[in-house]
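Asks: Sequence:
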Amino acid sequence: MLYQVLKYLLLGPLLRLVFRPRIEGLEHVPEEGAAIIASNHLSVVDSFVMPAIVPRRVTFLAKAEYFTGPGLKGRLTAAFFRGVGQIPVDRSGGRASRAALASGLAVLRKGRLLGIYPEGTRSHDGRLYKGRTGVASMAVTAGVPVVPCAMIGTFEAQPKGRRLPRAMRITIRFGAPLDFSRYAGLADERIALRAVTDEIMYAVLTLSGQEYVDTYAGEAKAEAQAQARAQGRRGNGGGKGPAR
597 MLYQVLKYLL
607 LGPLLRLVFR
617 PRIEGLEHVP
627 EEGAAIIASN
637 HLSVVDSFVM
647 PAIVPRRVTF
657 LAKAEYFTGP
667 GLKGRLTAAF
677 FRGVGQIPVD
687 RSGGRASRAA
697 LASGLAVLRK
707 GRLLGIYPEG
717 TRSHDGRLYK
727 GRTGVASMAV
737 TAGVPVVPCA
747 MIGTFEAQPK
757 GRRLPRAMRI
767 TIRFGAPLDF
777 SRYAGLADER
787 IALRAVTDEI
797 MYAVLTLSGQ
807 EYVDTYAGEA
817 KAEAQAQARA
827 QGRRGNGGGK
837 GPAR
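Take any residue in the sequence shown, count from 1 to its spot, add 596: that is its number in the working numbering.
If you are wondering where the hints come from, they were derived from the structure by calculation, not from laboratory data.
Cβ coordinates follow ideal geometry from the N, Cα and C atoms, glycine included.
Please note that the accuracy of each hint is not assured.
[Claimed, not checked] Derived DSS-like pairs: lysine-lysine, alpha-carbon spacing no greater than 30 Å straight-line:
hint: 1; residue 1: K706; residue 2: K817
hint: 2; residue 1: K756; residue 2: K726
hint: 3; residue 1: K659; residue 2: K669
hint: 4; residue 1: K726; residue 2: K659
hint: 5; residue 1: K726; residue 2: K817
[As the list claims (entries may be wrong)] Pairwise CB distance ranges, derived in the manner of DEER restraints:
hint: 6; residue 1: G629; residue 2: P666; range: 35 to 41 Å
hint: 7; residue 1: G814; residue 2: A780; range: 35 to 41 Å
hint: 8; residue 1: K706; residue 2: L610; range: 25 to 31 Å
hint: 9; residue 1: G781; residue 2: A698; range: 16 to 22 Å
hint: 10; residue 1: L610; residue 2: R829; range: 40 to 46 Å
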């Protein structure tokens, strides 16, 4: 009920008013049956704008931190994300990653649409980063098509660190579904999963026109943060001679 109210009465109309989304290739999203929508990830608003314009319900795997915040604000945030159909996942790796894959497969086995960001986290600089193979594992295991999607303009509308998005027009572009049935039975083969993931990321790249970086987004973000801290320490100490 909350999902329907938000999509059709509250959040959906507001997002259309603020962003005036230009939609391209929506006919590529299957009208029925299970499929994965694999998108680039530039802003928090990605997870709301794209599901708002897709006629069918899209379930996203969301980081567990959205569901575990303290106090009233934390409870309201968790209720909101559950209400819009997002599933909490632990991104710490290992057993947690397997649990996330199981959650995604459960959505697909119900014949639903699953939204995934193969990069694993938001791009901190607007570029497209190397995809993680979880999307390939789910696509091959479930035997479902992958619809590539590109969010264009959401980075400028709300870059990381900006609390409220600015009103501006964005574009949401869908590509033709990718069929990976030729990889059936290879869901445990690392080389096969990397090949599938790279094909998905190339399709997203073609749609988005972003600069591609063959590094994981999380690693690039951590390196950028470390460099910023190092520059800050040098800046704080620059020009100061020894105390006398």
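Asks: Quick one: which hint numbers does this structure break? Sort them smallest to largest.
Replies: 1 and 7
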